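Visitor: Keeping their order, the protein sequence lines are chains A and B. Its first residue numbered -6, the first sequence is counted upward by one per residue in the working numbering. Its first residue numbered 285, the second sequence is counted upward by one per residue in the working numbering.
I should point out that these hints are in silico values taken from the structure, not numbers from a laboratory. From a predicted model like this one, the values you see are computed outputs, not experimental measurements. Among the clues, some could well be false.
Distance windows between CB atoms, simulated [said to hold, decoys possible]:
{"id": "1", "chain 1": "A", "residue 1": "R293", "chain 2": "B", "residue 2": "G450", "range": "24 to 34 Å"}
{"id": "2", "chain 1": "A", "residue 1": "V13", "chain 2": "B", "residue 2": "L550", "range": "22 to 32 Å"}
{"id": "3", "chain 1": "B", "residue 1": "V358", "chain 2": "A", "residue 2": "I481", "range": "37 to 47 Å"}
{"id": "4", "chain 1": "B", "residue 1": "G300", "chain 2": "A", "residue 2": "L39", "range": "28 to 38 Å"}
{"id": "5", "chain 1": "A", "residue 1": "A269", "chain 2": "B", "residue 2": "D393", "range": "22 to 32 Å"}
{"id": "6", "chain 1": "A", "residue 1": "L530", "chain 2": "B", "residue 2": "L553", "range": "41 to 51 Å"}
{"id": "7", "chain 1": "A", "residue 1": "K523", "chain 2": "B", "residue 2": "G450", "range": "38 to 48 Å"}
Beta carbons: idealized from backbone N, C-alpha and C, even for Gly.
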Amino acid sequence: MAGLNGKPQARMQLAAIARVRGQLFVHSLRTTKGVLELFSRIVISLVITAGGLGGAVGMGAAAWFFVSEGKTEWLALMLWPLFLFWQFFPVMASAFTETLDTSNLLRFPLDYRSYVAVRLVYGALDPSTVLGGLWLTGITVGISVANLRLLPWAALVLLVFGVLNVLLAQMIFAWVERWLAQRRTREIFAVLFFLAMIGFQLVGPVMNRYGRRSSPALRKFSAEASPVQRVLPPGIAANAIARVANGRPGQGFVSLGLLGVYGVVILRALSVRLRAQYRGENLSEVRRDASGRDRKQGVRLGWELPGLSGPVTAVLEKEFRYLSRSGPVLLTLITPIFMLLIFGLGQGRDLGFLQRSPDLGFPAGVCYALLLLTNLIYNNFGADGGGIQFFLASPVHFRKVVLGKNLAHMAVLALEICVVWIGASLLFRPPSRAIAIATVAGVLFAAPVNLAVGNWLSLYSPKRIEFGTFGRQRASQLTVLISFGVQIIVFGLGAATMGLARYYRETWLATGVFLVLAVVGFTGYSMVLKRVDRMALARRERLTTELCR
Amino acid sequence: MEAPAIATEGLTRRFGELVAVQDVNLRVASGQFFGFLGPNGAGKSTTIKMLTGLLAPTSGTMQILGLDFEKQMVEVKRQIGVVPEGMALFGRLTGAEYLNFVGRMYGLDRETAAKRTGELLDFMQLADQPKKLVTDYSHGMQKKLALAAAVIHGPKILFLDEPFEGVDAIAAGTLKAMLQRMIARGATIFLTSHVLEIVERLCSHVAIIHRGQLVAQGSLEELRAGVEAQAASGLVPAELPAAQKLTLEEIFLRTVGGSRTAEQELSWLG
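Assemble the whole structure, with the sequences as input and the hints as a guide.
Guide: Next up, the structure:
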């Protein structure tokens, strides 16, 4: 065929992909979601830039101090958090991460090496890499200001460390995406992830409890942890620099070699996944045991709840069925208890915050429960995906759909409040009647405010939740920013009210203030609910476009 | 005189500069099996979205069963069933839960919703795996479920956007049987499809939209006669098959000017 001259050149293909990536970036700036979304992007970009530059300066100063003081191995104190951030930020802050779906590239005649290069280079263009790169640069500058002769070596070690971080993040990404591709493994992974997050939350309080210098437990922990951290990448990188700084270049090279070995092992693990992807593996949602037929069963009657119309009850039932099939959501029910446990840790003079003020255990747990619910409330239709078309085409006023969802979420909150009450009573002591009532009054204020803003944002800035992908956005940036602002205001007002009541030693004062605020909150909620039909009609195009992707 | 099932006047939809649907005047009588055809990007899905409330028209009016769509939207929606482009399914429900849910949303009582759910699952051969979630269904099973959901409340008009796309012959047979039963019971079906053979076999009336404008509308015989008359007057290519009826595909290609000239061929393909 004319014009088709043998194999396409890898360089040409990479250039074409780079160009597409650039075009995608430029088009992503042309948001069609409105001025607010653009504003939130600018704010978030500024925050990331400030964090990157500020962190680089701070880490540079710390690196200068450690090297100047002859404690170069202490660089590990910076490399560890940097390492953890690099690996966990993409998971924790998926709203700020846009990833390239490289499976689309498989249709082109790319050879395997080009495919790997694309995955590594274009997959790594995310905030964590940019921030990590900036901070490593800061550390390199700090080291060289303290000891200029260390510059080439430190730059080389930290470059290898940076590449290793990119590879490891990609490797984790590729494997996690594999596990998330199927519902069962996805649920298992979510449970493990949840437990890991809970584990991290425990680190601080445990350190606080056992972390006195004089504590034998700390010394024992340090003695055991120190050799372990030294054989892991951040410790090795710090040691590699320290050994050369201390005039032992041979040992420095050995450390760098070890870092290289890590890189090769990670690359190998990544390669297993990439090769499978390159061969066009099919990670379908279909259960492997789907061939085995279930026993035929009769159809159950739908729910019936007094005082609620059929459609509202149907939406409520549907929401509960969705929630019951989401392991992570079920786990969040017990998270507030973990938080109470964490805040309650402490001994001797360093009693935990909630041991010093056990009456606050109940309100603190309820606040946390409310915070967890914002995930559901602020992107009401995200999990429905294409189902939004059904809501729009059905003969039900949209406000009834939203009301059904809100009632489901409030039922979860009510259940959470009961769980927290039991937990706080067992861990500390049952809250006094005045505190319990003030807390419930606070919920009566905070819940409708969150629901009102959540309903508005769910229609204004919806985001389809992709259960089978990793690192894709679960909420729009606008939603993240506004929900953050709302929590600051709501919890700020709550804390100020409680503080005022404690100052005057009159808890009922807080109840009164909260009830007044609750009236304002309910008024706002009902105003938004009344406008929901009009808003949904006006936004139906955006809703279907965004959620039916 | 009975009001038409679907009537639009000057229906127009713009997306910025692009006019996706322009001044469309549709008339579909009650009880018709109506095929809505057009090349890719002609405006079929946009029209069906407007007719089902998924998209607002920029201008024009729509009447469904004599009801003004904008003013009586909820009442109109109660009378129609829809299988939109994306099927509008809830992936984390089982088939039975989904149909039950849809039935309740359309105002059926619990008992009726459950009874019809069971019947529909049996009819669509989806009852064998009651615990399977919709997200785990194959594409064909999802299409069947979407159609079951669209008919559970016994709609007077059914809007189907590409109902046979990605469906195997067995499932397609089930769907066709169901649609013909609905027509026999007096329902109106408005269907878009690229499979012209199916449209020709099922539909009594057809409209063709091209570049956002309605270019033909009527019974198959009327469209055939129209093309033949145009051929006779030299408005469309005249080489009509002698002593043989024009197929819908031929009518369609002649109406939208789909046959390529030699100059339009790709030079590098030789």
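Visitor: All hints are to be evaluated individually against the structure, with a verdict given for each.
Guide: Right, here's what the structure says about each hint:
1. R293(A) to G450(B): 24 to 34 Å: Given a distance of about 30 Å, which is inside 24 to 34 Å, the answer is holds.
2. V13(A) to L550(B): 22 to 32 Å: Distance hint for V13(A), L550(B) holds at roughly 24 Å.
3. V358(B) to I481(A): 37 to 47 Å: Because 39 Å falls inside the window, the suggested range holds.
4. G300(B) to L39(A): 28 to 38 Å: About 30 Å separates the Cβ atoms of G300(B) and L39(A), which means 28 to 38 Å holds.
5. A269(A) to D393(B): 22 to 32 Å: Violated, at about 51 Å.
6. L530(A) to L553(B): 41 to 51 Å: holds (48 Å)
7. K523(A) to G450(B): 38 to 48 Å: holds (41 Å)
Consistency with the previously given hints fails for number 5 only.
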